[in-house]
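**Q** Chains as they are written, first to last, in the numbering used here: chain A, 1 to 125; chain B, 1 to 512.
Keep in mind the hints are simulated off the structure, nothing from the lab.
Be a bit skeptical, because a hint or two may be false.
What the hints assert, rightly or not - Cβ-Cβ distance ranges computed for the label pairs, FRET-style: (1) R68(B) x A42(A): 31 to 39 angstroms; (2) G135(B) x A71(A): 49 to 57 angstroms; (3) E78(B) x H102(A): 33 to 41 angstroms.
Unchecked claim - Computed far set for chain A versus chain B, every beta-carbon distance over 10 angstroms: (4) F14; (5) S17; (6) E33; (7) S66; (8) P104.
Ideal Cβ positions, reconstructed from N, Cα and C, are used throughout, including at glycine.
So the chains spell out like this:
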Amino acid sequence: MVDLNTADGAKVEFRMSDDGVLLLRWLPGVQIEVEDARAAMAQVNHMCQQEQHAMLVDMAAVASVSREARAIWSIPCRASRIALLGKSPVDRVLANFFLGVHVPPCPTRFFTARNEAMDWLMAHV
Amino acid sequence: MSAGNGVEDPRLQQLVDGIVRLASGALGSRMTPSPRGDDIDAVITGVNLLAEELEYIYSDLEQRVADRTFMLQRAQAELEEMAKTDALTGLANRILLNERIQEAILASADSGTITAVLVLDLDSFKGINDSLGHGAGDIVLVEVARRLRSSVRATDTVARLGGDEFAVVITGSSTDEILLIAHRISEQLQDSVRVGPETVWAMASIGVCIGSSGYPPEALMRDADIAMYQAKAQGRNNVQLFHPDMLAAVRERLRITAELHSAVANGELALCYQPVVELASGKAIGLEALLRWHHPVRGLIMPDSFIRIAEETGLIVELGQWVLHEGVAQLGRWNETAPDLTGFRLHLNLSAAELLRRDLLEDVRDTLARNDVAPGRLVLEITETVLMSRGTAEEQILTGLRDLGVGMQIDDFGTGYSSISYLRTLPADTVKVDHTLIDDLVSDPQQQKFVAAILQLISAAGLKAIVEGIETAEQAAQLEAMGCLYGQGFYYSYPLPPEEVLDQLRSLSERL
Chain A
1 MVDLNTADGA
11 KVEFRMSDDG
21 VLLLRWLPGV
31 QIEVEDARAA
41 MAQVNHMCQQ
51 EQHAMLVDMA
61 AVASVSREAR
71 AIWSIPCRAS
81 RIALLGKSPV
91 DRVLANFFLG
101 VHVPPCPTRF
111 FTARNEAMDW
121 LMAHV
Chain B
1 MSAGNGVEDP
11 RLQQLVDGIV
21 RLASGALGSR
31 MTPSPRGDDI
41 DAVITGVNLL
51 AEELEYIYSD
61 LEQRVADRTF
71 MLQRAQAELE
81 EMAKTDALTG
91 LANRILLNER
101 IQEAILASAD
111 SGTITAVLVL
121 DLDSFKGIND
131 SLGHGAGDIV
141 LVEVARRLRS
151 SVRATDTVAR
161 LGGDEFAVVI
171 TGSSTDEILL
181 IAHRISEQLQ
191 DSVRVGPETV
201 WAMASIGVCI
211 GSSGYPPEAL
221 MRDADIAMYQ
231 AKAQGRNNVQ
241 LFHPDMLAAV
251 RERLRITAEL
261 HSAVANGELA
271 LCYQPVVELA
281 SGKAIGLEAL
291 LRWHHPVRGL
301 IMPDSFIRIA
311 EETGLIVELG
321 QWVLHEGVAQ
331 LGRWNETAPD
341 LTGFRLHLNL
351 SAAELLRRDL
361 LEDVRDTLAR
371 NDVAPGRLVL
381 EITETVLMSR
391 GTAEEQILTG
401 LRDLGVGMQI
411 DDFGTGYSSI
421 SYLRTLPADT
431 VKVDHTLIDD
441 LVSDPQQQKF
451 VAAILQLISA
461 AGLKAIVEGI
471 ETAEQAAQLE
481 AMGCLYGQGF
491 YYSYPLPPEE
501 VLDQLRSLSE
511 RL
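Chain B on its own, in the form it takes in the complex (with noise of 0.2 angstroms):
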């Protein structure tokens, strides 16, 4: 183009070279238009504003995606905030826990220090929730998560690893800082807590495990839980250090607790029985299944080593299930083989959670009638303090087995915090005196003032009494004295396996 005269107009280069310019990027460059207005100048004003909407343009992008990358970076970190804290209290969760023992034990690795890890559980938590609510224990949770953050230092994590557990890591202290720290928590937890009206405590069991370079994170972590255990086992509301024996006697109850699940199906199980026996006559009256297990390697294994497990990891169901069709089914055929001895009843040993099997009941009744054994020949023994603590549920399938004609008994007598006044009211026959009643009987006679007192309190409560544990002719002669009518102890037999116990029936009943 030109301006019409035939001569070039130097405003055309002056255009081309600022649309190059433009093409090369120069956003911000302008060129300047003439005074005179014309087509050119038009075009130079057109393209200078295309370049200004463009530059516009590309800044409102520019600026947008930096909004966005930052709302965006925002709204990540939120997430990986909540990801990593609990929302509930606002301390770390146990994914950040794991971060910062991860990152403690690394720096440990580079500074020589060590890494604690605290490992909480509180004692009575459960209370607080079936009897209060989640609510309150929502609340009591909170106030314990302000009490620990209170009892550390800035730099340690508090964390809070689901339920009524809590951790905390603490990094740079010293052995004794450690431990002065984890009994300030401990008595930070001392003191009451208020939900609405209510006071409740949530004392707390504390395990603590310092590691240094080359600690691995994850073990830190199971062996503060592992004292934990410890100190819940040590009677709860203490402190406990970690040590490697607690570590073996972990492992020992891991393995307890694998081969005892496959006792039952490898028929590892075994009953034996001991006579019950009529003090003045001597007769056996009833017989006690008592469990062992015939370990293929370990060989005999008696229940004082295996029932606690079975009962913390619920295996002392199936053992109990176990128990019952085992020993009603011997009664079963000590009855087809010797007819003549039937005045006997089985004692079988009833735990706590059996107590809660909702089939119990059914069982009970189908595996009776299965080996056609009346239910009175039967007598199930609960410990006094499952009877004290019953609830609804278990009173329902204690009445249905009364109903049934299944005999109850107290068991252990004397070892529980039973209540006189409650004795009149259990839903038992007999009760069975504990063994460690009558150990200093024949020579202490305070200690035999006391038993005489405990069966008299017994027959006026118009139950039967079962003395254990008697080992001697005087103990059986001095109980008889004070009025006890039956007994069971190594003085008249030690428990038997199936096959020898009716022949001992017989000679027990021939000592007449």
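So that you can see chain A by itself, here it is in the shape it has in the complex (with noise of 0.2 angstroms):
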């Protein structure tokens, strides 16, 4: 596990999974701004190195995601693909906002339940 703090704090974890699969999980509450969505993007692309890997982003609760953030996960990264993962319709609404407003560099999907983004995922492993 390996945590990324801003100057605000911790605001997002990684892991990567036994099978694979890279798991970034932003902690609830957090404002994401442009910085903390750059930030994300290269500690991603370190974790993956030369390799790709599917990505389950865990961005339930969290408070807001500045405009400039969302644009930052446009540019094309180490995911081959990406798991939105929420639970309320706010988080539906902000992860639809990125999908539709943003064109995403890789297959991107919105999910509220795990499994199903795990399934989706590794079914394109």
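Two chains, two separate frames, one set of hints: put the complex together.
**A** Printed below as a string of structure tokens:
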């Protein structure tokens, strides 16, 4: 597990699962700014090394994502596909805004159930 | 919408207020969703996100409009710069120059200072272009522009008016300072210009006009231009300050030019004829046709007053054509009315411009044929300067005329710069010795020797001499004693109107 700390303190956690899925979890209540998104992406690329990995982004209970931060995730990274995991209607709105307004660099979908998200990711590993 | 328990959820009011704020244009306004994360919070989040997008799009559009406006302004400024700049030299062009003159005149009205315009025309630029090509010409123009800029202050405007003509606007200086600048420019242009392996000179005739408050801006340019032409007339490569007398001379020129245009059509031109005489017998062997202008208001105008203007304006070609047609037609009429008097030839003066007429040969041939005049009865008088500087085209026309049988005469010999060695190769049969050479013939033994030498020289070149300007019996006798065969002058006859010519010819024959 890797914590990424910004000036605001820890905002995100990283972990590589045994089956090669990169797990990224935004901590509840965080406000994701462009610096956070940029640092998270750098960490993703770092953990993937030269390989591509499916990635699960747990964004349940994220308070807000700035427009600039959303734009960062339009830049191609080492993730081969991304499952956005949330649970509330707010998460759904946030996720779909990202998907609708920006063009994701790889196949990206929103899920409210972790197992469905993992199944979708693993089906294409 | 309620929170589900029948009580109005305060977030709904917050949502309504937030939307009203956004609708009023406060696109930076945001609402805070509750930690519940339910549908109402989702709507709040969605509205926040939409507002954020709207704000971004709005600001992006504003930025783009600002960028485009800036680009347009810059492009416009560049276009204006191009439209007011001479592309070759980077100097101001005529448009910018006129603006600067207007500004300077306005400013001088407030400050009481004077504004000067200098107009410069390079003296021998055409020769550089013709002999070394336009590339070389451009190099010279750029160098002249550099020297002009270096001769004036940063506040003065240097412009290229086109071709080899430049202008300078000087403000806030005294008359002495302005003339100093004009002479400094002239000095700067005395140095040669290197064009590759060649060395050329680009000296200029400079006209200066100084105007104080109230001087019309367009008059400043016009008068500087007039002064520049005065500098040209004064031998080029000098500076002339405009004086109102110059304007009067120009107006006189313009008047003569305009009136000369209509003189041919209105039948105001006439020819009179002066006999060319064989000195030994006194018999007329030729008649030189001389142009006269019977102006309806000003009366008789002699050629000295209008031929130079006709040459400068190109009207000389039209005049020359009229002289050819009228002179040959008159000769034809004399042939009919006096078949006994055919032993003389008609002498017509031919200008440099006429020699470049493509249809001259054809016109001469047709005119002679139309009037049933043999080509041998016609002699064309051409100045030595024209003959000396003839090009290929002129050479061809001269050869064609000679082949036709028309005689050629070198006119005004002794006034140009003939090379003696060329005398033998010039395409002529006779040489007319200028009257200035015999002015002191009778009283000055040295001049007698000189004229005798010239006559011998002409004879040695295989040519026949005709001395003009003979006014006395002594001159005639002396010339005859020197071996001169032919002459012309008031002693024998003044130029006569055509109706008096035949009687005069008969009278000259009877002198024998």
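**Q** Does each hint hold? Answer for all of them.
**A** Status of each hint after checking the structure:
In this structure the hint that R68(B) and A42(A) lie 31 to 39 angstroms apart at CB holds, the actual value being about 35 angstroms. The hint said 49 to 57 angstroms for the Cβ distance between G135(B) and A71(A), and at roughly 56 angstroms that hint holds. At roughly 38 angstroms, the beta-carbon separation of E78(B) and H102(A) lies within the given 33 to 41 angstroms, and the hint holds. Every beta carbon of chain B lies more than 10 angstroms from that of F14(A), the smallest distance being close to 24 angstroms; the non-interface claim holds.
Once the 10 angstroms rule is applied to beta carbons, S17(A) is consistent with being away from chain B; the minimum gap is 26 angstroms. No Cβ of chain B comes within 10 angstroms of the Cβ of E33(A); the nearest lies about 13 angstroms off, and the non-interface call holds. With a least beta-carbon separation of about 8 angstroms from chain B, S66(A) fails to lie farther than 10 angstroms from that chain, contradicting its non-interface assignment. No Cβ of chain B comes within 10 angstroms of the Cβ of P104(A); the nearest lies about 16 angstroms off, and the non-interface call holds.
Consistency with the previously given hints fails for number 7 only.
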